[in-house]
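Protein chains in written order, with our numbering: chain A, 1 to 131; chain B, 132 to 228; chain C, 229 to 356.
Hints are supplied without guarantee of correctness; some may be wrong.
To be verified - Below, simulated DSS-like cross-link-like pairs (lysine-lysine); rule was C-alpha separation at most 30 Å, straight line:
{"hint": "1", "chain 1": "B", "residue 1": "K223", "chain 2": "A", "residue 2": "K36"}
{"hint": "2", "chain 1": "B", "residue 1": "K190", "chain 2": "B", "residue 2": "K223"}
{"hint": "3", "chain 1": "C", "residue 1": "K297", "chain 2": "A", "residue 2": "K95"}
{"hint": "4", "chain 1": "B", "residue 1": "K190", "chain 2": "A", "residue 2": "K36"}
If you are wondering where the hints come from, they were derived from the structure by calculation, not from laboratory data.
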Amino acid sequence: MLSYALLVHAAPYSTQGSLSALRFAEAVVARGHAVKTVFFYRDGVHNASTLMAPPQDEVHLGERWRRLHATSQTELLVCVAAGLRRGLVNQAEAKRHDLAMHSVEPPFELTGLGQLVDAMLTHDRLITFAP
Amino acid sequence: MTLHLINRTPDNRGLFDDVVEAISEGDYLLLIEDGCYAGLAQTRAPLGSLPRGSVGVLKEDAESRGLLGRLDERLELVDMDGFVTLTERFPKSLSWF
Amino acid sequence: MTDSHHLATCNDALLIVLRHPPHGSSWLREGIDVALVTAAFGREVELLFQGDGVFALLENQTTGALGQKGTHPQLMMLEMYDIERLWVSRTALTERGLTTDDLMLPVSVLDSDEIAALHAAHASSLIF
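Chain A on its own, in the form it takes in the complex (with noise of 0.2 Å):
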């Protein structure tokens, strides 16, 4: 078994590559391997957005990673400066930045770069989805 780490730069809806990224998760879960890190990145930062609300015909990207999270474990990071930078924050950072709403919560957490560092490190596999 081996344990993969994703990295999306890719908003939902705009690109394929959020949902590629999904497919592909799925995909290594039944060939019995682990997805243990997603790091969203750049615009894929948007993944990680609550609000998200599409129309009932198309996939909900954002049920699709809580799903993922749910079955296989798999932790949701969100870099915490890219997500700053577009509105992505989480309740204990618009505390902090007196912003009157969030737009993120768990399983989504929001971390600094240094978690991809480590999840390159410590994962036997990086594979990345770019917009």
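Use these hints to put chains B and C onto chain A, whose structure you have.
Relative to the frame of chain A, chains B and C by itself:
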């Protein structure tokens, strides 16, 4: 040995040149998403120099684009399960975009 | 200037490939951020400037007009983080009518076959 992934159409000529420049013997190139268009029998993509058996096209992405039956016959068709298998074989992957 | 002995050996450093020009997008900035953080965590980092990424090194860039920070101040910090191996594609320079004299930092220029060797020698790489 490296698995190279490319998700752009061959209109991005410089990108394809850079990928080809980076590929070593024993590497594998998988065309995904819009990269599948580089798998057409007639293409601007400079993939002719790569050995047979070292270039594949992601089947689901090619199929959804209506490309099955139009692809260069030297290319391998790889489904999502096969994509994972490639990452088992190649410890390192590089995504070009 | 090429350190071909270094190219041939297997290498634990993270190779970060920069392929995008400055200002127009944040690819370069967020790629260099990863380089600096990785180095801060004590891991060796090398940079390869390929394609339009060579424009990152072009001299006389400014920040004022655009109200953006730019990436050249970040590049000036590389040495402080012990990121000293900067590789540049000869093809990328030639195609853009540039030479190393046009660049703000000392770099090693690589021919095509050396770029393949550089990639092959690194166990992990990221492209930005």
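Hint by hint, here is what the structure shows:
no. : hint                 : in the structure
1   : K223(B) with K36(A)  : 17 Å, holds
2   : K190(B) with K223(B) : 22 Å, holds
3   : K297(C) with K95(A)  : 26 Å, holds
4   : K190(B) with K36(A)  : 26 Å, holds
Hint check: no violations occur; every hint is consistent with the structure.
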